[in-house]
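Position 205 of the sequence shown, counting from 1, maps to 205 under this note's numbering, and the rest follow consecutively.
Because the hints were derived from the structure by calculation, they are not lab data.
In silico PhoX-like cross-links for lysine-lysine, where the CA-CA straight-line distance does not exceed 20 Å:
1) 220 - 206
2) 51 - 18
3) 18 - 58
Distance ranges between label pairs, derived from CB positions:
4) 206 - 23: 33 to 41 Å
5) 40 - 172: 25 to 33 Å
6) 165 - 83: 36 to 44 Å
7) 41 - 154: 33 to 41 Å
All C-beta atoms, glycine included, are put in the ideal place defined by N, C-alpha and C.
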Amino acid sequence: MNVFDCIFNRRSTRSFTKEPVDDKLIGVMLHAATHAPSAGNTQDWMFIVVKDQEIKEKLADAALKQDFIHTAPVVIVVCMDKEKIAMHYGKRGEALYGVQDTAAATMAMMLAAEALGLKTCWVGAFDEDRVGHVLELPNEVRPMTIVPVGYSTETPIKPRRIDFENLTFVNTYNKKYEISYIVQSQGGKEIKFKPIGNYIEDALRKRLKEVRPMEKQPAKKTSFADFLKKLGR
1 MNVFDCIFNR RSTRSFTKEP VDDKLIGVML HAATHAPSAG NTQDWMFIVV
51 KDQEIKEKLA DAALKQDFIH TAPVVIVVCM DKEKIAMHYG KRGEALYGVQ
101 DTAAATMAMM LAAEALGLKT CWVGAFDEDR VGHVLELPNE VRPMTIVPVG
151 YSTETPIKPR RIDFENLTFV NTYNKKYEIS YIVQSQGGKE IKFKPIGNYI
201 EDALRKRLKE VRPMEKQPAK KTSFADFLKK LGR
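Whenever a hint applies, use it, and build me the whole structure from the sequences.
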């Protein structure tokens with residue numbers, strides 16, 4: 001699975017099997033997370049890996065009773081070391097850079113999970129004080145995201161995405177940045193255009209239909225040994 005498969009096929013999953021997740025695969029995810037960018041290479045992230053069922057249930061309760069959290073075999077809480085980032089960048093570091101850093105680490109971790117055949121969900125709605133109490137976090141460590149990890153029992157439908165052309169401007173605000181792909185050319189004259197995003201989606205649908213229909217086949221699970229073999233290619 002390449003990076004584009006991971007990006008375009010990742011879905012938020014809220015239903016997990018009881019199958020345990022190999023610790024070594026969690027290690028791959030965490031290693032990937034530490035390769036995310038951070039302000040001044042501060043690496044102000046910390047990770048709490050939760051397997052204890054009682055603690056998972058308390059986390060779910062603190063996360064507005066999102067009970068699917070405790071059904072995952074593993075839950076990873078990504079935290080920010082406030083003192084570490086503030087030492088370098090003051091209040092702006094704690095208020096912004098640390099948020100960006102831990103978000104980047106979370107995304108890297110989730111893409112790695114997708115490549116390993118695991119499913120995840122980004123949970124940001126929770127009571128920080130309660131989560132901190134449950135995990136016995138010191139005052140300088142702030143919980144930022146809760147990420148349930150496991151094998152999915154469902155095939156989530158891809159949510160509609162706003163075309164990037166409607167969200168992107170060139171040089172200054174309100175001058176749309178449009179990238180078109182020439183679908184057909186006749187006599188040297190371009191006669192039909194498609195936004196590049198639409199072309200990418202068409203290509204993905206064709207590939208999924210021909211290679212691995214998502215509706216019929218689950219993502220292939222990857223063992224740690226398989227992962228090492230891929231690295232060695």
